[in-house]
Amino acid sequence: MKILLVLPVLITAQLVEMESLSSANMRFNLNLFHTMSRGNASSNLFYSPVSISLALTMVSLGAKGNTEAQMYKVLGFNNFTKSANVSLIPEVLPAKTPTTDPHLMAQTEKFDLPELTKSAAELEKKAEKIQCSFKKLMSVLNKAGISYVLRLANRLYGEQSYQFVEKFINDTKEYYNSGLQLIDFKNKPQTARVTINKWVEKKTNGKIKYLIPPRAIDTLTKLVLVNAIYFKGSWEKKFPNEATTDGNFRVNKNQTKPVKMMKQTSQFSLADIPEVNSQLEKALTNQKLMEWTSPNMLQLRPVQVFLPKFRMGHTYDMKSILVSLGMDDVFDGGRVNLSGVSPNNDLVLSKVIHKAFIEVNEEGTKAAAATGAIEEIRSFPQRFIADHPFIFFIRHNPSHTMLFFGRFCTP
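Those letters in the sequence shown? Residues -18 to -1, 1 to 393, per mature numbering (1 follows the signal peptide of the UniProt record, and there is no 0), in order.
To be clear, the hints were calculated from the coordinates, so they are not data collected in a lab. Cβ coordinates follow ideal geometry from the N, Cα and C atoms, glycine included. A few of these clues could be false.
[What the hints assert, rightly or not] Derived CB-CB ranges, DEER-like:
hint	residue 1	residue 2	range
1	K184	K149	42 to 52 Å
2	A225	I255	22 to 32 Å
3	K191	E345	17 to 27 Å
[Claimed, not checked] Below, simulated EDC-like cross-link-like pairs (lysine to aspartate or glutamate); rule was C-alpha separation at most 20 Å, straight line:
hint	residue 1	residue 2
4	K118	E1
5	K107	D166
6	K245	E345
7	K245	E344
8	K301	E345
9	K46	E104
10	K46	E110
11	K204	D314
12	K46	E148
13	K301	D314
Let the sequences and hints guide you as you build the complete structure.
Structure (structure tokens):
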């Protein structure tokens, strides 16, 4: 039997009706998780699905034809106006047919991508709904005066010698309060790298440094998509410092590692998940996750919580992950169609780099995690001891948006 513990973060915001966007975000998130976990089941993971989705959606503003269709499918936008109550469906495209003119053929082939069958007016209307939903979401998440700090750093950097479409530049400013930054990759790639890293460091309050590693950018780089996220929240009730003790974390059946274990007892929302036994990750689907975290499944109970203090930061080159999910044309100079970004046929997305940071301690959380307590209790509490690998996530409940998703396997 698995037990799901819900530790509410101090977030207050007006309810926003974004079911289609949250559903797309969830489908994309779980596809990411299963792909990133493949052959890597015993390592820590931490990322922000909404940050990655938001940044890629900025690129999709200028994608056309098959490139746009692939991006929409991988990002979960094919069923954008449909109900969120759908199970996870692998988003992998069929193999492509060889052609003597791959760039031309890429824009006319049909790969069972619904977007290719829609009229230009239908696609434009759908794209506008998606962009407006993200604009509204960004407004809610960055609302001043709320009880958490969220720093989203998203920007496109384009080679300055390329011509970019004015509509694309205007749309990124309109919907994302961001724009395309022209930079000299061709002559000064390392200077460009430093410039990008300083911008990200500033936007993340100094928590995310050196996002772009040396030699990741060269003179052939044309377009770089950068996104990073920083979050800081306070526990509704802090873990007492004096209650933190030395403990052991069971990495696997044969190995343990020392860890600082926080402790507190209070009322928490708890759900039993008896059918998954020890196969939680294999059973994890969009439908199941929504079911397990629904108010009908959760019960407020007295719980004694043992939670390890931890911090981790991860940098991901998302290109190989996105390609494996079916988003390959945007990275392929022979097939890409970013004519809505630039009239140049050889403009290609070179890199997608994502970095996320998390710190969990007695005071609260930085970059993710949450906790809460209502009052002291007198009845005998159930014990929740997080002393072995676990999955955790932060969801913005007013908009049903998955902000962060992670797996803690080893201190």
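A quick look at each hint next to the structure:
{"no.": "1", "hint": "K184 x K149: 42 to 52 Å", "result": "28 Å, violated"}
{"no.": "2", "hint": "A225 x I255: 22 to 32 Å", "result": "27 Å, holds"}
{"no.": "3", "hint": "K191 x E345: 17 to 27 Å", "result": "22 Å, holds"}
{"no.": "4", "hint": "K118 x E1", "result": "13 Å, holds"}
{"no.": "5", "hint": "K107 x D166", "result": "35 Å, violated"}
{"no.": "6", "hint": "K245 x E345", "result": "12 Å, holds"}
{"no.": "7", "hint": "K245 x E344", "result": "9 Å, holds"}
{"no.": "8", "hint": "K301 x E345", "result": "36 Å, violated"}
{"no.": "9", "hint": "K46 x E104", "result": "13 Å, holds"}
{"no.": "10", "hint": "K46 x E110", "result": "14 Å, holds"}
{"no.": "11", "hint": "K204 x D314", "result": "12 Å, holds"}
{"no.": "12", "hint": "K46 x E148", "result": "16 Å, holds"}
{"no.": "13", "hint": "K301 x D314", "result": "11 Å, holds"}
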